[in-house]
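Residue numbers (the working numbering), protein chains in the order written: chain Z, 1 to 412; chain L, 1 to 412.
It should be emphasised that the hints constitute simulated quantities derived from the structure, not laboratory data. Incorrect hints may have been included.
[To be verified] In the DSS-like style, the derived pairs of lysine-lysine whose C-alpha atoms are separated by at most 30 Å in a straight line are: (1) Z:Lys173 to Z:Lys382; (2) L:Lys77 to L:Lys173; (3) Z:Lys127 to L:Lys382; (4) L:Lys77 to Z:Lys282; (5) Z:Lys173 to Z:Lys203; (6) Z:Lys282 to Z:Lys173; (7) L:Lys77 to L:Lys382; (8) Z:Lys173 to L:Lys382; (9) Z:Lys173 to L:Lys77; (10) Z:Lys203 to L:Lys382.
[As the list claims (entries may be wrong)] Okay, the calculated bits of chain Z under chain L, using three or more residues with CB under 8 Å as the criterion: (11) 187-194; (12) 211-220; (13) 235-246; (14) 400-408.
Each residue gets a CB set at the ideal place from its N, CA and C atoms; glycine is no exception.
Okay, here's what each chain looks like letter by letter:
Number of protein chains: 2
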Amino acid sequence: MRESANAQAFARISGAEPVVVDVQPAMDVVPGMSPNIILTSGAPMTWERYYGGQRAAILGAAQYEGLAVDASDAENKILSGEIIIAGCHDYGCVGSLAGIYTASMPVFVVDNPTSGNRSFCNLFEGKSPFRLNYGVYNRHVRENLTHLQNDIAPILGRVIRACGGVALSPIIKRALHMGDELHSRNTAATLLFNQTIFPALMKETRNAEDSARVLYEYLSGGDYFFLRLSMAASKAASDSAHGIEGSSMVTAMAFNCHDFSIRVSGMGDEWFSAQLPPVAAKLFPDHDDSEIEFMGGESTINETAGLGGFAQAAAFPLQEYQGGSVDKMIQMNLAMYQITLGEHPEYRIPYLSYRGTPTGIDIFRVVESGQTPVMDIGVAGKNGGQIGAGVLTAPLECFQNAATAYRHRYLS
Amino acid sequence: MRESANAQAFARISGAEPVVVDVQPAMDVVPGMSPNIILTSGAPMTWERYYGGQRAAILGAAQYEGLAVDASDAENKILSGEIIIAGCHDYGCVGSLAGIYTASMPVFVVDNPTSGNRSFCNLFEGKSPFRLNYGVYNRHVRENLTHLQNDIAPILGRVIRACGGVALSPIIKRALHMGDELHSRNTAATLLFNQTIFPALMKETRNAEDSARVLYEYLSGGDYFFLRLSMAASKAASDSAHGIEGSSMVTAMAFNCHDFSIRVSGMGDEWFSAQLPPVAAKLFPDHDDSEIEFMGGESTINETAGLGGFAQAAAFPLQEYQGGSVDKMIQMNLAMYQITLGEHPEYRIPYLSYRGTPTGIDIFRVVESGQTPVMDIGVAGKNGGQIGAGVLTAPLECFQNAATAYRHRYLS
Numbered sequence: 001m002r003e004s005a006n007a008q009a010f011a012r013i014s015g016a017e018p019v020v021v022d023v024q025p026a027m028d029v030v031p032g033m034s035p036n037i038i039l040t041s042g043a044p045m046t047w048e049r050y051y052g053g054q055r056a057a058i059l060g061a062a063q064y065e066g067l068a069v070d071a072s073d074a075e076n077k078i079l080s081g082e083i084i085i086a087g088c089h090d091y092g093c094v095g096s097l098a099g100i101y102t103a104s105m106p107v108f109v110v111d112n113p114t115s116g117n118r119s120f121c122n123l124f125e126g127k128s129p130f131r132l133n134y135g136v137y138n139r140h141v142r143e144n145l146t147h148l149q150n151d152i153a154p155i156l157g158r159v160i161r162a163c164g165g166v167a168l169s170p171i172i173k174r175a176l177h178m179g180d181e182l183h184s185r186n187t188a189a190t191l192l193f194n195q196t197i198f199p200a201l202m203k204e205t206r207n208a209e210d211s212a213r214v215l216y217e218y219l220s221g222g223d224y225f226f227l228r229l230s231m232a233a234s235k236a237a238s239d240s241a242h243g244i245e246g247s248s249m250v251t252a253m254a255f256n257c258h259d260f261s262i263r264v265s266g267m268g269d270e271w272f273s274a275q276l277p278p279v280a281a282k283l284f285p286d287h288d289d290s291e292i293e294f295m296g297g298e299s300t301i302n303e304t305a306g307l308g309g310f311a312q313a314a315a316f317p318l319q320e321y322q323g324g325s326v327d328k329m330i331q332m333n334l335a336m337y338q339i340t341l342g343e344h345p346e347y348r349i350p351y352l353s354y355r356g357t358p359t360g361i362d363i364f365r366v367v368e369s370g371q372t373p374v375m376d377i378g379v380a381g382k383n384g385g386q387i388g389a390g391v392l393t394a395p396l397e398c399f400q401n402a403a404t405a406y407r408h409r410y411l412s
Numbered sequence: 001m002r003e004s005a006n007a008q009a010f011a012r013i014s015g016a017e018p019v020v021v022d023v024q025p026a027m028d029v030v031p032g033m034s035p036n037i038i039l040t041s042g043a044p045m046t047w048e049r050y051y052g053g054q055r056a057a058i059l060g061a062a063q064y065e066g067l068a069v070d071a072s073d074a075e076n077k078i079l080s081g082e083i084i085i086a087g088c089h090d091y092g093c094v095g096s097l098a099g100i101y102t103a104s105m106p107v108f109v110v111d112n113p114t115s116g117n118r119s120f121c122n123l124f125e126g127k128s129p130f131r132l133n134y135g136v137y138n139r140h141v142r143e144n145l146t147h148l149q150n151d152i153a154p155i156l157g158r159v160i161r162a163c164g165g166v167a168l169s170p171i172i173k174r175a176l177h178m179g180d181e182l183h184s185r186n187t188a189a190t191l192l193f194n195q196t197i198f199p200a201l202m203k204e205t206r207n208a209e210d211s212a213r214v215l216y217e218y219l220s221g222g223d224y225f226f227l228r229l230s231m232a233a234s235k236a237a238s239d240s241a242h243g244i245e246g247s248s249m250v251t252a253m254a255f256n257c258h259d260f261s262i263r264v265s266g267m268g269d270e271w272f273s274a275q276l277p278p279v280a281a282k283l284f285p286d287h288d289d290s291e292i293e294f295m296g297g298e299s300t301i302n303e304t305a306g307l308g309g310f311a312q313a314a315a316f317p318l319q320e321y322q323g324g325s326v327d328k329m330i331q332m333n334l335a336m337y338q339i340t341l342g343e344h345p346e347y348r349i350p351y352l353s354y355r356g357t358p359t360g361i362d363i364f365r366v367v368e369s370g371q372t373p374v375m376d377i378g379v380a381g382k383n384g385g386q387i388g389a390g391v392l393t394a395p396l397e398c399f400q401n402a403a404t405a406y407r408h409r410y411l412s
């Protein structure tokens, strides 16, 4: 049974054809969203356990949304249950770093017609190292979020609708031939997306030069723009493979400020967790390892779906950004074939003679080999903000926990 | 003396900072151009020796320019000297395949402020395999050339001027990190160029939706668009290093339908030639090697300046397009370090841990090692049109001839 369940799960995750169809406020499109909910990354915890940047981001979100007048007011309302903290993944969303969705924030709407499911991701906050999802909330961050919501999202949504939606797999496929692995490097994908929507952008903004300029500046203002679309695409692919009875395939990897956690297709919505290991990081100038702080992260959905660290041999330029060497990148990428169910039929790596990326992590292959997934992640600093990038290697324990639970459920 | 002359030549070719500043009719900007001149690729020959596609292209050009009513009329006027056939390189130009410049055809104007020189390249004819530079002249080709001249060139020039010129080295540098080697693959460079000019394109075409659409279609209609700019950039770099007394560095590699030829910095404008060797090609479906025909080519200026075959380890996707394997590409790329004077300070290859591309071919290193330059080229068919792509390995003999002449001039 496990074998056929996993074959089905692999077919779903690798056969997804995600299409971004709109940009809308979370409240209007995310099922179950409510004005007093704040979504954050990783397996949900009791409020007391959130600390540092992830805690600061949640408190900032409450203020941004007008749910609280200040941080102390927000804390009280969270403790009283007036403000509800929940996990992104439970709402079809996926969070970058701290995550952070409030009701009014704009999200990409991504459909996967192959399986009929839908996912969401919020928008890249831009190049500044100081962003809400990196644990910072101040006037600058607030104004930028307002700008995204009022100036960028409406015209971006209009342009995407005018395109009749934009298919994401063809862009991801091409970007893998152009130095991206779609997690820490989205440079080519961002250019390809922009190229795709430009005719509509020109047409839709013809009588509004300011809108065109503002949107163009946003689209070309950071090579990370497409990350939110690759995340939503991977979430749509992964969700379509979730809930298959008997499947031992991983359908989500995520972390909060304490724990790294996974979900498994045949194991419902339970998270299997273990303490976060250290990250092997290359930091921006004038930073050191003592400043590194985990504040959550779900962009590892990309590795779950065969991208990021699982496609790093497509992205040798990353050695400059997150450290490491070409040989190490190749070796890590090849190691992922040991723990996956198959090779992606569309996502291919030129350096590996167009071999498909290793896709569909099997908890038993991880436990038996002792090899755990490697992930390309952004690294946050204790005072908030991005201070570098690096490679995170998942702890074995959460896969062992999942395997034990799987055996208990299916084999006892 | 040779050592210091070569150091100077290398500094010039690798220190160029080419900027495209305009698009104008050849007649208005190319020094020495005249209404009755047709420029074609490779060392100039007597008219009788031109055959096949290169001959057809020249005859087509005469008709396109209105210099002759038909092919036979054109032949007579060429034989009588009424129409003059000359080499692109002698006019600061560089030809793709057959080359082919007439007075009214638009050209990119590329300045190299570092050395104060200027070069030119005509425009990519678009995706159709049937193009004048691939030896075809018919109604479709004529209409397309007219479209380039009347519809594309004026607005493209206006946009480039509105940008205040576009620096090409930064685009080339980034594209090398994105799967391009800038000869047979210009996909990323084309996207990056488009991204750079889009704000100006939107502004300049705001009141002319048709112009915007037409120009956009041209810019995004083929991944080869940027090749003409990388060629002009390489020509500007190479020319800036030409004419240095005592230098044995190659400043041009070009071929006509018979011979492969090189120019050497310290050896004036003489071409050193040898018969063209076979090309190792991967052909489009339904073609075979018996159809391959040489019809000239000067895009090998890119290899002369450290790109193309000299940067192929940056462009593993080429294995799908022109054949070969990743290992072979790496090995060929590494072999080029044996025959070059240095490593380019800006053009770097991620796979080789960001080593600079091998730049500045020294005829003596070629002769002593027996290793000749490898070049990524488009392959034409006997009936005209592109039928594939491949790798051309230069014949040793022309380097031997150049070395003999060098010794005669400088060492006897």
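Are the Cα positions of Lys77 (chain L) and Lys173 (chain L) separated by 30 Å at most?
-> 45 Å, violated
Keeping to a limit of 30 Å between CA atoms, is the pair of Lys282 (chain Z) and Lys173 (chain Z) held or broken?
-> At roughly 27 Å apart (the allowed maximum being 30 Å), Lys173 (chain Z) and Lys282 (chain Z) satisfy the hint.
Are there three or more residues in the segment 235-246 of chain Z whose C-beta lies within less than 8 Å of some C-beta in chain L?
-> violated (count 0)
Are Lys173 (chain Z) and Lys382 (chain Z) close enough, with their CA atoms no more than 30 Å apart?
-> 36 Å, violated
Distance restraint between Lys77 (chain L) and Lys382 (chain L), which requires alpha-carbon spacing of 30 Å or less = Roughly 25 Å separates the two Cα atoms, so the pair holds.
Would you check the hint for Lys127 (chain Z) and Lys382 (chain L), treating anything up to 30 Å between C-alpha atoms as holding?
-> 52 Å, violated
If you look at each residue in the segment 187-194 of chain Z, do at least three have a Cβ nearer than 8 Å to any Cβ of chain L?
-> Three-residue rule met by the segment 187-194 of chain Z, so holds; n is 5.
Annotated coverage of the segment 211-220 of chain Z by chain L, confirmed only when three residues or more have a Cβ within 8 Å = This one holds; 4 residues, not fewer than the three required, reach chain L with a Cβ under 8 Å.
Given pair status - Lys77 (chain L), Lys173 (chain Z), alpha carbons within 30 Å | 53 Å, violated
Mind checking, does the segment 400-408 of chain Z have 3 or more residues with a CB under 8 Å from chain L?
-> Per the Cβ count (0), the hint is violated.
Quick one, are Lys173 (chain Z) and Lys203 (chain Z) close enough, alpha carbons at most 30 Å?
-> 27 Å, holds
Holds or violated: Lys77 (chain L) to Lys282 (chain Z), with C-alpha atoms at most 30 Å apart = Violated: Lys77 (chain L) and Lys282 (chain Z) sit about 67 Å apart, past 30 Å.
The structure fails to meet hints 1, 2, 3, 4, 8, 9, 10, 13, 14 from the earlier list, while all remaining hints are met.
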